[in-house]
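Enquirer: Sequence:
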Amino acid sequence: MKPVRRGLRLALVVAAVLVLAGGSLGYVLHARQRERPAEQAASDDSFGLDVPGLYFRDSATGRVARLPGDGAPRVVGGPSCERFHAAGERALCLRKLPGLPARTQALVLDRRLREVRRVTVPGIPNRARVSASGHLLSWTAFAVGDSYAASGFSTRTSVLDLRTGYLIKSIEDIPLTIGGTRYHAPDVNYWGVTFARDDNRFYATVSSRGRTHLVEGDLRNWSARAVRENVECPSLSPDNTRIAFKKKVSGDPRAPWRLYVLDLAGMREHALAERRGVDDQAAWLDDRTLAYALPGRDGRASDVWSVPADGTGAPRLVAPGGSSPVAVGRYP
Numbered sequence: 044m045k046p047v048r049r050g051l052r053l054a055l056v057v058a059a060v061l062v063l064a065g066g067s068l069g070y071v072l073h074a075r076q077r078e079r080p081a082e083q084a085a086s087d088d089s090f091g092l093d094v095p096g097l098y099f100r101d102s103a104t105g106r107v108a109r110l111p112g113d114g115a116p117r118v119v120g121g122p123s124c125e126r127f128h129a130a131g132e133r134a135l136c137l138r139k140l141p142g143l144p145a146r147t148q149a150l151v152l153d154r155r156l157r158e159v160r161r162v163t164v165p166g167i168p169n170r171a172r173v174s175a176s177g178h179l180l181s182w183t184a185f186a187v188g189d190s191y192a193a194s195g196f197s198t199r200t201s202v203l204d205l206r207t208g209y210l211i212k213s214i215e216d217i218p219l220t221i222g223g224t225r226y227h228a229p230d231v232n233y234w235g236v237t238f239a240r241d242d243n244r245f246y247a248t249v250s251s252r253g254r255t256h257l258v259e260g261d262l263r264n265w266s267a268r269a270v271r272e273n274v275e276c277p278s279l280s281p282d283n284t285r286i287a288f289k290k291k292v293s294g295d296p297r298a299p300w301r302l303y304v305l306d307l308a309g310m311r312e313h314a315l316a317e318r319r320g321v322d323d324q325a326a327w328l329d330d331r332t333l334a335y336a337l338p339g340r341d342g343r344a345s346d347v348w349s350v351p352a353d354g355t356g357a358p359r360l361v362a363p364g365g366s367s368p369v370a371v372g373r374y375p
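So the sequence shown is numbered by this note's numbering: it starts at 44 and just counts up by one.
If you anchor each label on the Cβ, the simulated ranges turn out as follows:
#1 Pro363 - Arg244: 32 to 40 Å
#2 Ser89 - Asp216: 39 to 47 Å
#3 Asp230 - Leu143: 23 to 31 Å
The calculated lysine to any residue pairs, modelled on SDA-like cross-linking and capped at a C-alpha distance of 25 Å, are:
#4 Lys139 - Ala103
#5 Lys290 - Ala228
#6 Lys291 - Arg271
#7 Lys291 - Glu259
#8 Lys290 - Asp346
#9 Lys290 - Arg318
#10 Lys290 - Arg271
#11 Lys212 - Ser176
No lab work stands behind these hints: they were computed from the structure.
For glycine and all other residues, C-beta sits at the position ideal for the given N, C-alpha and C.
With the hints as extra help, turn the sequences into a complete structure.
Expert: What follows is the structure, encoded as structure tokens:
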């Protein structure tokens, strides 16, 4: 009987080893599946920023696409992103990571849209900007809530300087002046950074106590001052003389904002020909034209539209099923 018992024990040990090995294999496969979204950030080898055109997020695939501007069809081949922007030699791709709590992964990409750095922050991807030189990047994530129209939302805005590698995880502690007085409040939120050509000055939205302000910031001196009220999601023109923004014009939560342009020299503003509610940080295609996203006809996917920046003309549909537009090179 002893040999039989020893054989039985050996069989049980072998079975246990196989079960453990199978569990380990399953764990490895599961881990690889969880890491797969990060692998999907890589773009096709033939797709990069070397071709001028309108780059944007394709709603059908979630990947970055390009419209050459010569009437050719769109080309989809970039990384998977929720938000995208590019300038100089760099691009910024924001992706929402799976699971709870919500986390945003900011991927810094080169001109071939290959990853060179990644940063993970809490929240849902919301805004992304790269300075004209490609040296400075900024992104905003919703830490609480998912809409500027809702009460009780909270944002987290970061700035990354690629010249030094220094990351400002949140700009909320920047000394802020409103009305010539140093301002302190527990509900201060920043979002929608846009950089000047000097890679030092920037503009952004600050919100506190139910009001929004356009602030002008100075990275070198680490300071910010409010220059105008009721300005959200600013976007500085290529010549650095005007700011496109969304202005709250209604209490209707479905369409509270309208697109405006502010002349920084005289602080005069004018409404654009787009009369629908726009909840986006508009992008300048050139010094005369703006692009932005609006909800599509199905209520889910969005479309990219353009409109003249001087208030004339009419909106034009540019890229159905698109969002996060940015012009690379000359477009069209």
